[in-house]
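2 protein chains.
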Amino acid sequence: MLFKSVTILNEHFDIEKDVDVRIEDGKIKEISKDRLEPYDATRIIDGKHRLLIPGFANVHCHVPMTLLRGRGEGLDLWTWLTTAIFPFEAKMTADDMKIGTRLGLLEMIRSGITTFTDMYLNIGAIAEAVAESKLRANLCFGLSAGEEPFDQRRGVKETLDLLKTVGTNQGRVKVDLGLHAEYTSDEETVRGVAALAKEHQLIVHTHISETKNEHQGSIERHGMTPLAWLNHCGILENPVIAAHCVYVTAEDLKLMAEKDVTPVHCISSNLKLGSGVADIGAWQKAGIPYAIGTDGAASNNNLNFFEELHLVSLVHKGVTKDPTFLQPKELLAAATMRGYASQKRTNAGLIKEGYDADLVLIDLDKPHLVPENDLASHLCHSAQAEDVCMTMVGGDILYEDGTFTTLDEEKILAEARQATKEILARI
Amino acid sequence: MLFKSVTILNEHFDIEKDVDVRIEDGKIKEISKDRLEPYDATRIIDGKHRLLIPGFANVHCHVPMTLLRGRGEGLDLWTWLTTAIFPFEAKMTADDMKIGTRLGLLEMIRSGITTFTDMYLNIGAIAEAVAESKLRANLCFGLSAGEEPFDQRRGVKETLDLLKTVGTNQGRVKVDLGLHAEYTSDEETVRGVAALAKEHQLIVHTHISETKNEHQGSIERHGMTPLAWLNHCGILENPVIAAHCVYVTAEDLKLMAEKDVTPVHCISSNLKLGSGVADIGAWQKAGIPYAIGTDGAASNNNLNFFEELHLVSLVHKGVTKDPTFLQPKELLAAATMRGYASQKRTNAGLIKEGYDADLVLIDLDKPHLVPENDLASHLCHSAQAEDVCMTMVGGDILYEDGTFTTLDEEKILAEARQATKEILARI
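Quick mapping for you: the protein sequence lines, in order, are chains A and B. Just so we're aligned, residue 1 is where the first sequence starts under my numbering, counting upward by one. Just so we're aligned, residue 1 is where the second sequence starts under my numbering, counting upward by one.
Hints were generated in silico from the structure; no laboratory data involved. Each hint should be verified, as a subset may be incorrect.
Calculated Cβ distances over 10 angstroms to all of chain A for the following chain B residues [said to hold, decoys possible]:
1) G217
2) E220
3) D401
With a straight-line Cα cutoff of 27 angstroms, these simulated DSSO-like cross-link-like pairs (lysine-lysine) come out [stated by the list, open to error]:
4) K134(B) <-> K29(B)
5) K421(B) <-> K4(A)
6) K212(B) <-> K321(A)
7) K48(A) <-> K27(A)
8) K421(A) <-> K329(B)
9) K29(B) <-> K48(B)
10) K329(A) <-> K33(A)
11) K27(A) <-> K344(A)
12) K29(B) <-> K285(B)
13) K421(B) <-> K48(A)
14) K321(B) <-> K285(B)
15) K421(A) <-> K254(B)
16) K321(A) <-> K321(B)
17) K212(B) <-> K254(B)
18) K212(A) <-> K321(B)
19) K421(A) <-> K33(B)
20) K421(B) <-> K17(A)
21) K329(A) <-> K421(B)
22) K4(B) <-> K411(A)
23) K411(B) <-> K17(A)
24) K198(A) <-> K157(A)
25) K134(B) <-> K411(B)
26) K27(A) <-> K4(A)
27) K344(A) <-> K17(A)
28) K321(A) <-> K285(B)
29) K352(B) <-> K48(A)
30) K33(A) <-> K17(A)
31) K329(A) <-> K17(A)
32) K17(B) <-> K411(A)
33) K285(B) <-> K4(A)
34) K421(B) <-> K33(A)
35) K421(A) <-> K17(B)
36) K29(B) <-> K421(A)
37) K321(B) <-> K285(A)
38) K48(B) <-> K411(A)
Positions of the beta carbon are idealized from the N, C-alpha and C atoms, including for glycine.
Model the full structure from these sequences, guided by the hints.
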């Protein structure tokens with residue numbers, strides 16, 4: 001495949017016009033300011049009024065929760081969880097979760113997400129749906145304190161089963177080890193997760209200091225912040241994906257900078273649940289490479305990565321009262337390359353020769369993207385998911401001009417409606 | 001025209017399913033839970049998976065500024081204004097403004113805006129473009145201090161000329177009187193605007209306390225806040241549209257509640273320029289009926305009303321740390337009915353028999369709107385401009401399923417690109 005005379009977001013996150021990009025064997029083979037010649041049977045894509053960018057990495061999600069979209073609107077957090085969320089989740093089958101996953105995959109592919117990091121249960125079923133879609137994902141089961149000995153827990157079994165299925169753990173679907181959160185764990189669980197991650201060289205995916213209550217509660221329970229306690233129990237000897245981090249101390253920041261911790265900024269969810277606004281300026285200053293996540297659709301309420309870009313850019317300018325804060329370049333690096341790096345996916349997340357062809361083509365021929373005064377700014381402040389005209393993963397086109405190639409949109413919408421009805425009838 | 005078995009946002013801003021809605025002579029003629037029979041030659045629109053809502057009122061805009069979208073990204077406010085905005089605006093002709101207006105009209109119609117309130121110059125040219133589009137608008141020239149006597153100012157002349165053109169000032173295009181802001185005015189100008197508005201029974205559209213500097217500066221200059229000073233000079237004897245109001249005192253709130261003042265919340269722009277977040281909770285408590293605006297595209301950076309809904313809902317929950325703050329009902333009333341009321345358009349902005357048929361049809365058959373757990377929440381948190389499948393003003397369809405009926409999209413995009421190039425060449 002050959003993109004001819006396309007505008008790209010290059011490896012330095014600068015806009016570069018009139019470039020040819022050749023895709024071969026799932027990789028970006030050649031990038032040239034000179035015209036490249038097509039091979040025989042090469043598909044040529046005209047780059048006029050098109051912008052080619054690396055795909056987005058959505059680094060914190062609970063994808064099956066699309067079925068809970070909009071449930072319990074306007075309730076406080078505890079009432080929302082106990083009356084709207086938990087009773088529904090308790091009645092979801094593995095099949096329901098697969099259906100919710102497929103619905104979320106449609107949303108993610110449509111908004112230019114090419115890889116995501118997820119925590120839920122029934123990860124074998126979720127992995128099957130993801131594999132069908134050809135999207136990339138790092139999946140984990142969110143372990144919490146339990147009655148059984150650690151080794152006999154369902155989450156451990158599901159994790160090890162999926163590890164066996166995916167083999168080398170280097171493919172499109174990868175397995176992480178999930179630790180739900182400090183406040184839902186005991187020391188046995190945390191130490192068990194730390195050791196198991198070490199043994200299998202897995203990333204640990206967890207929630208850290210999402211709310212003030214949780215943060216303060218940990219200090220009361222352990223005399224330590226959630227991150228400090230997890231470190232105390234050995235978790236930070238592994239690479240860590242730390243969702244939220246709305247409340248972190250100077251010592252937490254130091255830990256994050258020293259260890260291999262990627263905080264994930266989930267701005268929609270933090271706003272919607274009234275958790276607060278994470279101080280990503282402090283993360284930046286401490287040199288911590290953060291990433292961006294949608295969180296689940298129940299608290300977002302969609303999986304649209306462009307909305308996250310807009311929100312992150314706008315809200316922090318407003319809250320800091322500094323319109324110069326967080327330039328598009330920085331934000332776009334967090335949204336792509338840094339997310340891929342957090343998943344331990346190398347040679348990915350950039351438009352660079354030899355890198356994975358995880359690419360998104362944006363149609364610039366839209367009123368809200370004209371004139372093209374600053375396309376990096378347009379991406380962060382004006383572009384919409386609808387502007388995505390192609391989503392490609394490893395050279396495979398998953399979406400193009402209204403059509404999903406690996407997923408049956410109409411069938412998924414019908415199944416999602418039906419599954420939701422049936423779950424509600426069981427509550 | 002007859003909508004059959006459609007879901008509507010009813011006059012109480014509740015979701016009501018399976019309703020028939022008949023449109024006749026530009027009005028909502030009949031709303032019925034029973035099936036209505038079509039007259040001969042009535043067009044029937046199947047309401048399956050469709051949501052019919054009143055159109056949005058965008059109550060603060062500078063529509064020609066679409067041509068400045070993305071200019072001066074990442075600059076502080078003063079550098080942005082003086083190096084990116086003013087030099088460009090100085091080279092814009094009336095024709096350029098018409099082109100920028102048309103570009104903005106495309107965006108607004110596409111995102112379900114059916115009426116807007118605007119401040120700029122060359123309002124005769126802008127009015128022509130709006131009239132062609134059949135959208136509704138309250139237009140004004142933003143007057144500021146000048147050398148000439150008040151009566152001889154260009155803005156006064158343009159206002160009176162347009163008033164003559166529109167006749168009774170009760171049509172789709174209406175004329176307001178614009179006062180740019182306290183900090184760009186002198187007492188002669190403000191008193192002149194107050195008297196002229198009184199004489200012609202016009203709404204005064206102005207900017208109030210957008211930034212802390214402006215607010216404090218007024219107190220230094222006049223010993224009064226901007227709103228108090230405008231009141232002192234007689235402005236508040238007229239209905240007032242007060243954009244921004246990020247910084248207002250308890251006395252300002254009292255004034256707003258007593259007089260006919262509609263503060264307009266422009267959250268994208270206030271965030272993007274680092275101005276801060278207006279305390280709309282205090283407005284609510286004081287019983288002040290606020291509306292919502294996009295501001296110009298230079299500081300937004302688009303005219304997409306769904307983004308404003310999302311931002312207003314999410315940001316205030318996050319900033320107040322109260323997930324129960326600002327329920328969809330309240331927000332949707334501000335976005336529609338209250339905006340129309342601020343423009344002195346009666347019997348409009350609601351789905352109610354006898355009201356103007358200013359309606360937007362939303363396609364619910366989208367992954368991010370499934371399942372339909374709570375459609376009012378979906379509108380505020382998940383719906384996209386792309387979900388609008390029809391925008392209707394006064395019974396006229398302005399947009400349907402990808403096609404603008406009154407505007408030539410392709411031509412407008414080409415003209416906007418060309419005009420921008422030529423303006424840049426003149427700087």
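Hints versus structure:
no., hint, in the structure
1, G217, "holds, 16 angstroms"
2, E220, "holds, 20 angstroms"
3, D401, "holds, 13 angstroms"
4, K134(B) <-> K29(B), "holds, 20 angstroms"
5, K421(B) <-> K4(A), "holds, 24 angstroms"
6, K212(B) <-> K321(A), "holds, 10 angstroms"
7, K48(A) <-> K27(A), "holds, 22 angstroms"
8, K421(A) <-> K329(B), "holds, 25 angstroms"
9, K29(B) <-> K48(B), "holds, 21 angstroms"
10, K329(A) <-> K33(A), "holds, 22 angstroms"
11, K27(A) <-> K344(A), "holds, 17 angstroms"
12, K29(B) <-> K285(B), "violated, 36 angstroms"
13, K421(B) <-> K48(A), "holds, 17 angstroms"
14, K321(B) <-> K285(B), "holds, 17 angstroms"
15, K421(A) <-> K254(B), "violated, 49 angstroms"
16, K321(A) <-> K321(B), "holds, 19 angstroms"
17, K212(B) <-> K254(B), "holds, 20 angstroms"
18, K212(A) <-> K321(B), "holds, 10 angstroms"
19, K421(A) <-> K33(B), "holds, 24 angstroms"
20, K421(B) <-> K17(A), "holds, 16 angstroms"
21, K329(A) <-> K421(B), "holds, 25 angstroms"
22, K4(B) <-> K411(A), "holds, 24 angstroms"
23, K411(B) <-> K17(A), "holds, 23 angstroms"
24, K198(A) <-> K157(A), "holds, 16 angstroms"
25, K134(B) <-> K411(B), "holds, 18 angstroms"
26, K27(A) <-> K4(A), "holds, 16 angstroms"
27, K344(A) <-> K17(A), "violated, 30 angstroms"
28, K321(A) <-> K285(B), "holds, 25 angstroms"
29, K352(B) <-> K48(A), "violated, 46 angstroms"
30, K33(A) <-> K17(A), "holds, 9 angstroms"
31, K329(A) <-> K17(A), "holds, 16 angstroms"
32, K17(B) <-> K411(A), "holds, 23 angstroms"
33, K285(B) <-> K4(A), "violated, 57 angstroms"
34, K421(B) <-> K33(A), "holds, 23 angstroms"
35, K421(A) <-> K17(B), "holds, 16 angstroms"
36, K29(B) <-> K421(A), "violated, 34 angstroms"
37, K321(B) <-> K285(A), "holds, 25 angstroms"
38, K48(B) <-> K411(A), "holds, 16 angstroms"
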